[in-house]
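S.K.: Going down the list, the sequences are from chains A and B. The opening residue of the first sequence carries number 1059 in the numbering used here; numbering runs sequentially from there. The opening residue of the second sequence carries number 238 in the numbering used here; numbering runs sequentially from there.
Mixed in with the good hints, there may be bad ones.
Here's a subset of chain B near chain A, in silico, CB distances under 8 Å, partners left out [to be verified]: (1) 259; (2) 297; (3) 304; (4) 334.
Here are some, though not all, of the chain A residues that point toward chain B, as calculated from beta-carbon distances under 10 Å [to be verified]: (5) 1060; (6) 1125; (7) 1132; (8) 1135; (9) 1138; (10) 1168; (11) 1170; (12) 1172; (13) 1196; (14) 1229.
I should point out that these hints are in silico values taken from the structure, not numbers from a laboratory. Heads up, the beta-carbon is just placed ideally off N, CA and C, and yes, glycines get one too.
The chain contents come next:
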Amino acid sequence: MDPYPPIDTWVVPTGAVAATLARVRGPGERGVESGAFWLGRRAPRCIVDTVVIPSGPGVEERPDCWRVAAEVYGEISRWAGPQGLSLLGILHTHRDRFPARLSPADRTRSVRAPGVLAVVVGHGGRDDDPGVWGWYVFEGDDYRLLDAEERTHRITMPDGAVSVLRASLDGVEEWTLW
Amino acid sequence: MSQIQQTQESHAKPGAVEVDVRYLPAAHPFHQTYPPETTLETVRTAAMSYFGVQDRTERDTYRYYLGFEGQRVTDTSQTLGGLLGEHRQGVHFELIEEITPGQAG
Chain A
1059 MDPYPPIDTW VVPTGAVAAT LARVRGPGER GVESGAFWLG RRAPRCIVDT VVIPSGPGVE
1119 ERPDCWRVAA EVYGEISRWA GPQGLSLLGI LHTHRDRFPA RLSPADRTRS VRAPGVLAVV
1179 VGHGGRDDDP GVWGWYVFEG DDYRLLDAEE RTHRITMPDG AVSVLRASLD GVEEWTLW
Chain B
238 MSQIQQTQES HAKPGAVEVD VRYLPAAHPF HQTYPPETTL ETVRTAAMSY FGVQDRTERD
298 TYRYYLGFEG QRVTDTSQTL GGLLGEHRQG VHFELIEEIT PGQAG
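If we strip away everything but chain A, and leave its shape as in the complex, we get (with noise of 0.2 Å):
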């Protein structure tokens, strides 16, 4: 059974880019990078359901960067694996005079699985236009940049809420933003 079934097109619902900006722009007034973790069920059309913000000891937050450590990124791993849930994306934000385009860096210290999306937004997270965001989906070896018009046809963004969360060294917890 192929673990990376082949994805068509992702669905992120507006609640799900509303709740990643309330978490990334706080981080981005400081000037430092931060970032979140999309998740929903692995399909053709999948649609993210569940936004996890990684958050307290273990997640680095600085100007050049956003990391999460291995024992974080476990938790989120052992919660969502009796849901059903996989990772969809990853979203991290660049600070003002920086592209909202993936790094040598981002390229090679993130998750390299087919289908995975990696999102860049700019300034600090104060680019509320998904259109002027960096999109990207691995495949092969890499991740490649995802044109306007392939964006468009597979890459929707209808009205909906979701899940979001908090993940720690504890473990994973509802999280409210608002």
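The hints should help you fit chain B onto chain A, whose structure is shown.
M.R.: Just chain B, lined up with the frame of chain A:
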């Protein structure tokens, strides 16, 4: 089927351990049944192969470890039977990637 094969199978099944290994980006876990004397390194290696990943050192070092009940498995020479005891017949692991950045420049 030879008598030897019959004997091996009849000995293997009663203590067999059902192993699941999950990897967060994947849709399906790695699933295999092992005799209890199987080392955790054997499980880790088979799971990595199934998920198409491998330990490697480029500029950075990439290492995959097994997580068990929220703890990192550090001794992969240990056997399934040694980890689980006599009576447990199934186990879930997580396969977790750890990236150690190399020196810049």
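S.K.: Hint by hint, note whether the structure agrees.
M.R.: Here's how the hints hold up against the structure:
no.	hint	result
1	259	4 Å, holds
2	297	6 Å, holds
3	304	5 Å, holds
4	334	7 Å, holds
5	1060	8 Å, holds
6	1125	8 Å, holds
7	1132	4 Å, holds
8	1135	4 Å, holds
9	1138	6 Å, holds
10	1168	8 Å, holds
11	1170	8 Å, holds
12	1172	8 Å, holds
13	1196	9 Å, holds
14	1229	8 Å, holds
The earlier numbered hints are all upheld by this structure, with none contradicted.
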